[in-house]
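Taken in order, these protein sequences are the chains called A and B.
Quick note on this note's numbering: the first sequence kicks off at 1 and runs consecutively.
Quick note on this note's numbering: the second sequence kicks off at 1 and runs consecutively.
Hints in this document: simulated from the structure, not taken from any laboratory.
Misleading hints may appear alongside valid ones.
What the hints assert, rightly or not - Using 35 Å as the maximum straight-line C-alpha spacing, the simulated DSBU-like pairs for lysine-lysine come out as follows:
(1) A:LYS66 - B:LYS70
(2) B:LYS29 - B:LYS97
(3) B:LYS48 - A:LYS54
Residue-level listing of the chains:
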Amino acid sequence: MSVDPMAYETQFFGFTPQTCMLRVYIAFQDYLFEMMLVVEGVMLKKLDGIPGCKISPSQIRKCTEKFLVFMKDHFDKLFAKMEEVLLQLVLNIPKNVLLPEDRVQEEYPYSKEEFQALQDELQQLQQQCRAEAAAEQALRAELEEQKAVKAELEKILQCFDGLENICREHGAGNFKESFALLTQSSKKLQDVLKDVEEKSKKMKQHDQLL
Amino acid sequence: ADGGGGPALSAAPGRAQVFATVVDTFLEKLVAAGSYQRFVNCYRCFYKLQPQLTRSIYDQFISQLQASIKEEIQEVKNEGNLEGLFSSLDKIVEEAKDREEPAWRPSGIPEEDVRSTMVPYFLKHRSYLRRALREKEEENRKVAEAVLMGRDRIAELQQLIQARQQAWQ
Numbered sequence: 001m002s003v004d005p006m007a008y009e010t011q012f013f014g015f016t017p018q019t020c021m022l023r024v025y026i027a028f029q030d031y032l033f034e035m036m037l038v039v040e041g042v043m044l045k046k047l048d049g050i051p052g053c054k055i056s057p058s059q060i061r062k063c064t065e066k067f068l069v070f071m072k073d074h075f076d077k078l079f080a081k082m083e084e085v086l087l088q089l090v091l092n093i094p095k096n097v098l099l100p101e102d103r104v105q106e107e108y109p110y111s112k113e114e115f116q117a118l119q120d121e122l123q124q125l126q127q128q129c130r131a132e133a134a135a136e137q138a139l140r141a142e143l144e145e146q147k148a149v150k151a152e153l154e155k156i157l158q159c160f161d162g163l164e165n166i167c168r169e170h171g172a173g174n175f176k177e178s179f180a181l182l183t184q185s186s187k188k189l190q191d192v193l194k195d196v197e198e199k200s201k202k203m204k205q206h207d208q209l210l
Numbered sequence: 001a002d003g004g005g006g007p008a009l010s011a012a013p014g015r016a017q018v019f020a021t022v023v024d025t026f027l028e029k030l031v032a033a034g035s036y037q038r039f040v041n042c043y044r045c046f047y048k049l050q051p052q053l054t055r056s057i058y059d060q061f062i063s064q065l066q067a068s069i070k071e072e073i074q075e076v077k078n079e080g081n082l083e084g085l086f087s088s089l090d091k092i093v094e095e096a097k098d099r100e101e102p103a104w105r106p107s108g109i110p111e112e113d114v115r116s117t118m119v120p121y122f123l124k125h126r127s128y129l130r131r132a133l134r135e136k137e138e139e140n141r142k143v144a145e146a147v148l149m150g151r152d153r154i155a156e157l158q159q160l161i162q163a164r165q166q167a168w169q
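Start from the sequences, fold in the hints, and give me the full structure.
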């Protein structure tokens with residue numbers, strides 16, 4: 001006969017039903033023996049007080065044993081029946097019953113693979129979130145840079161516009177042209193200067209060689 | 001007082017009541033077996049000497065035995081909060097009465113069993129992440145648009161400046 005470990009019942013009650021029954025059995029048995037000893041003790045004491053008593057303690061002991069054997073036999077049979085009923089009807093959880101604390105087991109029956117897939121999906125989502133956060137940082141950084149660059153460019157544009165306004169105010173419509181001519185001639189001058197410098201260098205080298 | 005006066009008119013008695021009945025029956029039958037006749041039979045020599053004392057000893061023995069047994073039962077009930085557990089279990093069983101298939105039972109392997117307990121948290125976390133990702137992507141799309149517009153504007157400004165430069169050449 002295989003012994004049912006009654007693990008689910010243990011989970012619910014907080015103790016193993018069979019252990020509980022055993023504890024109770026031992027306790028009851030102890031009380032029975034105790035009472036019998038008390039009975040015997042009372043009788044022996046009484047007999048002690050009777051002078052010339054023909055009943056010996058060992059006789060009383062035999063009486064006690066006789067009664068005890070009889071009681072123990074009935075006790076065991078009756079207790080066995082009680083234990084059977086309790087284990088079947090009271091301290092048991094029927095096979096079709098799921099404890100409330102285990103409801104998730106039937107609501108989310110995930111296999112190992114399904115569970116792993118869920119974990120992988122979570123990891124992937126977290127990575128994607130991190131990537132989006134990095135992208136956000138980069139985008140906002142560029143936005144900041146753009147702000148600074150735009151400000152600079154707009155300043156330069158303002159400068160130019162300012163110059164034009166001055167020209168218009170002072171009626172120097174040709175100022176632009178003359179300024180442009182000036183830049184051109186100063187450039188020409190610079191070129192000429194460079195030419196002269198090079199030529200003089202060459203002459204000096206010639207002189208040195210000579 | 002009858003301990004079975006519960007509110008429900010259930011056909012079957014609750015676990016607490018079965019428990020009480022079974023224990024009472026046990027005691028009854030035990031006391032019946034250890035009858036006074038039987039007691040006297042065993043202690044005949046003493047009975048002949050002291051019949052009245054025998055009766056009183058027996059009465060005390062039986063009542064003390066019953067009291068001890070009932071006390072032990074009460075202690076077990078208190079320690080394990082059995083009354084409460086019995087009525088909870090009765091309710092749980094009643095709720096499952098229309099269900100025929102065997103229910104889930106622990107597999108004995110903790111790693112297997114813990115999976116299902118974690119799934120609801122993971123699912124919640126997943127829907128949170130999905131929403132956060134969607135929101136962030138949407139936000140970034142808008143910022144990217146602004147960045148592109150900014151680049152266009154800068155290019156535009158650079159062109160305007162170049163045009164001015166050339167006009168002043």
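Right, here's what the structure says about each hint:
1. A:LYS66 - B:LYS70: Distance ~25 Å between LYS66 (chain A) and LYS70 (chain B) Cα, so the pair holds.
2. B:LYS29 - B:LYS97: holds, 34 Å
3. B:LYS48 - A:LYS54: Distance ~12 Å between LYS48 (chain B) and LYS54 (chain A) Cα, so the pair holds.
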